[in-house]
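Listed below are the residues making up each chain.
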Amino acid sequence: MTGRTAAGRRVLVLRCPDWLATNGPHGASMPGDSAAGDSAAARAFEPVVAIVENFCPQVEVLRPGVCAIAARGPARYFGSEAELARKLTEAVGRSGFTCQAGVADGLFAAALAARTGPTGLLVPPGETPEFLAGFPVGVLDMPELCELLPRLGIETLGQLAVLPAAEAASRFGPPGKLASRLARGLDPRPLIPRPPAADLSVQLEFDPPAEQSEPAIFAAKALADQMHDRLAAAGFACVRIQVQVRCADGQELSRLWRHDGLLSALAVAERVRWQLDGWRGTAGITLLRLVPDQLVRATGRQLALWGDSVPSDRVARAAIRVQAMLGHDRVTRPVLAGGRRPAEQVLLVPFGDAGEPQRPADRPWPDQIPAPAPATVFGMPLAASVTDDSGRDVTVSGRAQLSASPAWLAAAGGPVRAVTAWAGPWPVTERWWDPRYVRRQARFQLVTEDGAAWLAAVQEGRWLLEARYD
Amino acid sequence: MGTGVAQVISLSPARHRDDVLTGEGLLPVLPALRELLPGGGLQRGSVVTSGDWGLLALALAAGAVADGAWCAIVGVPAVGVRAAAQAGLDPDRVLLVAEPGPGWAQVVASLLDGFDIVLLRPPEQPTAQLRRKLEAAARRYGSVLVIAGDWPGAHSRLLVTDTEWTGIGAGYGRLRARKAQVIAAGRGAGERPRSAWLWLPGRDGAVTAAAEPAGIAGIDYSGTTLAGPGEPLVSSG
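Residue numbers (numbering that gives the first Met the number 0), protein chains in the order written: chain A, 0 to 469; chain B, 0 to 236.
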């Protein structure tokens, strides 16, 4: 029984590469909001989870596109781990998704094994440290440590694993301790072997049954708060959270979500939303239950997903209510992002989702418009016509020479207004290194007689209005 | 229990107030805007108009948001979020509902119960009945409704009148700052109109008080020194 040794439990990770390529954060390189895609993907991933669930009732969704199960039980049932992995990938394949399956000791190694080779890899019990040894430390996903370690000559997990654990911990602090455990094929944190005496789960019954998912999502947030309070009082955090939903017709839907002590109550409510959206029972919901799974000692990690601005319950409730009316994606929070054009500088993240801009705002963006910024930014630039004194279109040559001074501006079918002041052209070439996205523009600022000021651009011979200063 | 309902209603605004903000029923505003508003702030439960959509609407919300309030912006698909941030309106505390759809009034009413300030550009001219409904919602929840557009019966009406861009000429410089006169009228017949000159926005995008233009009315020479010809628009990054 090698599996029960220090190397920990056998884990199978299933990964849908196509999924991650189209929906994942490291997927398509087109500028766009990965956060919005993430939630939509989570909902659409539900059918795959349902298939995996036929093999093992306890499926843990790591993130959309990747899920994990404990391999021991089902492997015994199907004869071997290899047989289980084969049957599982086949079943998922039949539903139209390609997937990779990796089996190893512990979640971290299994996730890496799933990424290895076209179909994933089975690492025999006890061989996980050898399997991990060859990987660069970069796979740890700890940016600071991954930068530091190679400079100290530690480039692979194998080199990290031979460092005594105590040394790693004292030298690099808690991240070092975690990295060291992972490199040796251990679970990130030792699980508390015995569940605490008190039941820390929370639940709410609906009488009469809730016909729509909204009341359950509301309740989930309050329940999650309650559960977090209980966990905190007991000094625990949970690695995973199990969301159980029971319907009036007796059907039950249960899902495990990765928590790691990091999900806010709102984020838990969001997981419940994904779960209910992906699965439409015919009968009303009678019971919602949140069960903290795999308890670990709380290490004082913050429960904040929002940075400094955690919406109060009242704010969240109002926002969720409007989402219920209009749809999840139509109620958004703006996040400043990097970019040269004003319209690129904002990412709209649906309320309740966590979004990090792909293009951080705090990097230098040459050719960015300096302050003051325009108060109105058109998502799609407006077509415009700019003419000179004699009514001829103003053009810009390839060498940024103007044909004449702009005298009149007409915006998208609007009235013609006299231009009282203007400046430009400022040539801008974006993404010149990539012929697919290269964009050449000549920018202008124009002030019209009504006191409005515009940010305009000439692109491929056409005048566009990108923003208005008003 | 005849008093029960009345008690609940009268307690409601207080419940909201202790959530984030100072008492007194006033939401703070940027210093430059204080003299435009009766009491020097936004009266909770009131409706304020800001003329057409623009920086003034964002600036009206900035002071309260800096003080911990939350702001929802409804019906404005083209919000300049960076401009809002430069004016002091922290995007972290903003919710955008760009297209509230045909049931926009219900959306606004729901947001008023939760957000301290709702900026609304009504998608259509609201009927008197809808206006009364939303005014009642603002009163009940102790929130402030800022309207970009027309709203008969608003408690305060702000309007940008004269504006003058500085830093830009005929083919040189760039937009640096805008000096604007804002006039405000209250609802009461006896209330005097107020007026202030503002940088809307100033050179760094902030909204601050500006000196009244001296010299010949309507002509402002103060900006001509701000930028020389041929100054690049690109930031050095």
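Each hint should be verified, as a subset may be incorrect.
Said to hold, decoys possible - Where chain B lies over chain A, by a calculated footprint (3+ residues, C-beta under 8 angstroms):
| hint | region |
| --- | --- |
| 1 | 117 to 123 |
| 2 | 323 to 334 |
Unchecked claim - So, partial list: chain A residues that the calculated Cβ filter (under 10 angstroms) puts toward chain B:
| hint | residue |
| --- | --- |
| 3 | Pro-173 |
| 4 | Ser-311 |
| 5 | Asp-312 |
| 6 | Leu-347 |
| 7 | Trp-425 |
| 8 | Leu-454 |
| 9 | Leu-463 |
| 10 | Arg-467 |
As the list claims (entries may be wrong) - From the derived model, a few chain A residues whose C-beta atoms are all more than 12 angstroms from chain B:
| hint | residue |
| --- | --- |
| 11 | Glu-45 |
| 12 | Ala-247 |
| 13 | Pro-371 |
| 14 | Val-446 |
These are computed hints drawn from the structure, not numbers from a lab.
All residues carry an ideal CB built from backbone N, CA and C; glycine is no exception.
Status of each hint after checking the structure:
1. 117 to 123: With 0 residues closer than 8 angstroms to chain B, the region 117 to 123 of chain A misses the three-residue bar; violated.
2. 323 to 334: holds (count 8)
3. Pro-173: violated, 28 angstroms
4. Ser-311: holds, 6 angstroms
5. Asp-312: holds, 9 angstroms
6. Leu-347: holds, 7 angstroms
7. Trp-425: holds, 4 angstroms
8. Leu-454: Constraint on Leu-454 of chain A satisfied, holds at 8 angstroms.
9. Leu-463: violated, 14 angstroms
10. Arg-467: holds, 8 angstroms
11. Glu-45: Holds, because the least Cβ-Cβ distance between Glu-45 of chain A and chain B comes to about 27 angstroms, which exceeds 12 angstroms.
12. Ala-247: holds, 28 angstroms
13. Pro-371: violated, 4 angstroms
14. Val-446: violated, 5 angstroms
Hint compliance for this structure: hints 1, 3, 9, 13, 14 are broken, all remaining hints hold.
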